[in-house]
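S.K.: Those letters in the sequence shown? Residues -26 to -1, 1 to 869, per mature numbering (1 follows the signal peptide of the UniProt record, and there is no 0), in order.
Check before you lean on any hint, since a few could be wrong.
As the list claims (entries may be wrong) - Computed cross-link-like contacts, DSSO-like style, restricted to lysine-lysine with a CA-CA straight-line distance of at most 27 Å:
#1 Lys30 <-> Lys125
#2 Lys261 <-> Lys307
#3 Lys30 <-> Lys122
#4 Lys675 <-> Lys261
#5 Lys86 <-> Lys30
#6 Lys328 <-> Lys338
#7 Lys122 <-> Lys203
#8 Lys338 <-> Lys675
#9 Lys232 <-> Lys203
#10 Lys232 <-> Lys261
#11 Lys211 <-> Lys675
#12 Lys86 <-> Lys512
#13 Lys86 <-> Lys122
#14 Lys307 <-> Lys328
#15 Lys501 <-> Lys697
#16 Lys122 <-> Lys675
#17 Lys501 <-> Lys512
#18 Lys261 <-> Lys338
#19 Lys232 <-> Lys697
#20 Lys735 <-> Lys697
#21 Lys697 <-> Lys707
#22 Lys307 <-> Lys338
#23 Lys211 <-> Lys232
#24 Lys203 <-> Lys261
It is worth saying that the hints were derived from the structure and are not from the lab.
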Amino acid sequence: MGHMHRLVVLWAYIMLLFYLVKYTRGQIVNTSLSQYFNFSATDRHGLQQLFVEWNKSTPDLENNLAGWRDISKDNGSLQFTTCPCYTEPWQGVLCLRELQFTPSGYFYQLYKVWIVGLTLTDAFLTGSLPPAIGNLTSLAFLSLTGNKGLKGHLPSELLHLGFNLNILNLRGNGFNGSIPVALASLVQLQQLDLSGNQFDGNLEVDFRNLSRNLRSVNLSRNLLTGNIKQEYLQELKQLITLDLSSNNFTGPLFNLTKSVSLNTLNLSHNSFSGDVSLSNVLGTASKLSLSEVDLSNNALTGSFPDFSIWQNLTQLDLSNNQFQTSPFPDWIKNLTNLQVLRLKGNSLTGPIPKTFLQDFEALKILALDNNQINGTFFIEDVIGLPMLEVLSISNNNITDVIYNNSSFKSIEKFGINLSGNPFCENVQISTEANLRQCVCFQRCIDSNVTQAGSKSAHAVIIATSVAASSLAFAILIISLVFWKTRKEKQRLQLQVQHYFAENDIKPTIFTFNQLRVATQDFSESTKIGEGSFGAVYKGYLHANADPVAVKQLFLKNQQSITEFLNEVVLVTAIKHRNLVNLRGCCVREDQRLLVYEYVDNNDLEYHLFRRGTNQHLTWPARLNICLGVANGLNYLHTSAQPRIIHRDIKASNILMDQNLQPKIADFGLALFFPDEKSHIITHDIAGTRGYWAPEYATMGKLSEKADVYSYGVLLLEVVSGRKNLDYNMPAHKVYLSDWVRELYNNSNVMEVVDPALCLDKEEDLEVRRIINIALLCIQVEPERRPTMGAIVATLEGSLNLEAEGMQHLSHGKEPLSWAHLEEQPLRKDMDSRNTMFSSEMTGSSSMISLTSMGNFSSSQGSVSAQKKLAYQIGGSSMGAPCGGTMGSSIMSLAR
């Protein structure tokens, strides 16, 4: 009895402790389960030491290290109600949690928490990377990029991360010293990027230990020296990218013959020497995968290497080496996929074969400067190349150029540089002189303009000759300024016209004065919105015209003219009722303006998140919006040529017309997507935090499935009527996606539905269906997310996407083991049961939930393909809260 009594007292004490924690920390909200976190002491110590080090000198801590604080005085290793990823988020910290238990009859859950990611980009971190980084032994990715104040040596304690670390990205910092050999212990490493630092000395890391997983190595732009041992890199069978450029490496090239998936090889700007035997360097295993090779600016010798079997090459640069004098290589004609070819400074001799360029339809840049090429150059051979942008053959021995009138008129479409050739000597005033001015000095001016300019200059001379010297000087200065401004304006106009011609589009080009008049000089009374990229004004191009939306971009964002024209090309070329229509643009030295159709009913963010009124979107209207956005995205992904990834799907970028028809807007971040590629890798992580797909946020891996992920987040916002990230909510509801997964696991998913909605039985089923589709969209593995086409088919009733996809989600609620995570890259789902992953990484903290998903019960049924969707169109699609009255004008749309 005494023993039993002690157990009862102990249990009572434990429960008392939990209740004290709950009520003092404010964790119980209504009847929801409170959440407590078992946060390991080693992780706590590691974070504390990072904070101590970076807290010393990092400026503006509230923004650059938002949420970080001194936790040295926190009691014990069990921080039940605080967590650096959840209840009190630390910027850039990503966690994984595993449900340990939920005591029967009590309102709390206890989670085990590990820190699995740390990503701080351009955070102005100052100091070093302390040895305590080795305490964070569960890290799967460590990304500290663009922090020039991070200096010193890398700690050898990095080796303690060896069992889990997939990604180590320290690009663009100030680290120095040798690269620690401890990196060879990171056996799970897939991506290593130490570029843009000041590492020096020999490379002593034996990469053979990493051969099973290592896919990308970037050590460019450092001060590394010496020979690279042959055996260090020759076993990297999974290697895709190797960039050692801009160092001081010496000695012969090394063996990569076993790297069968090699796609990009950049060894430029070093001092590699010796003969280039491609059979010993590359072998033949990579002949199908190799796309980009840059061996320029080394001291390579011997015969000019023959790349003829690598027919998928898109970029080849062998410039400025010491190869033997040889005629222009005939084998290049086999590389018809080339987009960039640079063979500068290689003692190439003889003429360029007349028909050499005719099959290079993808060629954008051809640079053959500083060789010994001679003979005649035929302009008509290049003017038919649709993609050509730059052709430079300066400092050779070309004596003649053959052209005709049509080829001369087309020459301004791209830049031809023949300067430093005999042809460019003895320029005379004639049509040929104008050609020489264009190809020799890049002064492509029509002869009529030249004559007019001469007359103007003559008039100025006469005027100044009769004026006083001071007045003459003033006129001369004013004339020079006017001439320079006029030439700059002409240059800009030509650039715009050429860009549009290259992309075969003809948008309307408005003058700045037209848009000033239309918007009443951009007055505040006409402003209808403003964001981080610019302000939008409502205007009228003439008295009886329909209104337009004029978007005036902020130049502080430093958008280049090319980026601006990219948005114009993208939006002009696409026509769909769920995509905003671009009317035209305006470009000046200090102005970038876009003219869109005026969509006159605000945006989806306004309609979803406004509170304090009795007007809310009805469910039929919301369902129609889901379908409209899906249709627009499906068009971008499948019908646009080339395909387009939007990259910034969110509620504020969905404009609404008077019929609540959605239109996707803001293509400033959109990218062309080549048909032949399944994904691309970009270092430019753009878009909006909270909508990023995990593979895009962590590795820059971009495909149309990134838009699908953002669409899934948007669906949850439409259903719930709240934002994806809301720090005003209780702790377990801060991240909408995490909360929905938790509700799904507990078979209580309808709790997330906007309380303003009054749903009938069929609408209840539709809501469940939309939530299921959203959960499929935000799966971790992009391959498991549905396509937008499949989503459209499901919403229209011709496909049961749930039956196809929900089988991947787990029945059980048993937490997964940490050991299994160690066997998988973080960018994969945690196991085949496909646990979910929140994309709140850069700029704030996040949580990976390891509680598994339950299947959607078949008893809930599916919505019939023939059911009709009630959609209010004649009256109002805005409804009163439950119990209020609804508009009466109903139109049925077939689903």
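S.K.: Each of the hints needs a verdict: does it hold here or not?
M.R.: Here's how the hints hold up against the structure:
1. Lys30 <-> Lys125: holds, 14 Å
2. Lys261 <-> Lys307: Within the cut-off at roughly 16 Å; holds.
3. Lys30 <-> Lys122: Measuring from Cα to Cα gives roughly 15 Å; hence the hint holds.
4. Lys675 <-> Lys261: holds, 24 Å
5. Lys86 <-> Lys30: violated, 31 Å
6. Lys328 <-> Lys338: holds, 18 Å
7. Lys122 <-> Lys203: violated, 30 Å
8. Lys338 <-> Lys675: Between Lys338 and Lys675 the Cα gap is close to 25 Å, so the pair holds against 27 Å.
9. Lys232 <-> Lys203: Holds, at about 16 Å.
10. Lys232 <-> Lys261: The given pair, whose Cα atoms are some 12 Å apart, holds under the 27 Å limit.
11. Lys211 <-> Lys675: Holds, at about 21 Å.
12. Lys86 <-> Lys512: Violated, at about 53 Å.
13. Lys86 <-> Lys122: violated, 35 Å
14. Lys307 <-> Lys328: holds, 12 Å
15. Lys501 <-> Lys697: holds, 25 Å
16. Lys122 <-> Lys675: Measuring from Cα to Cα gives roughly 25 Å; hence the hint holds.
17. Lys501 <-> Lys512: holds, 6 Å
18. Lys261 <-> Lys338: holds, 22 Å
19. Lys232 <-> Lys697: Violated, at roughly 49 Å.
20. Lys735 <-> Lys697: holds, 26 Å
21. Lys697 <-> Lys707: holds, 11 Å
22. Lys307 <-> Lys338: Holds, at roughly 15 Å.
23. Lys211 <-> Lys232: With a Cα-Cα distance of about 5 Å, the restraint between Lys211 and Lys232 holds, given a limit of 27 Å.
24. Lys203 <-> Lys261: holds, 24 Å
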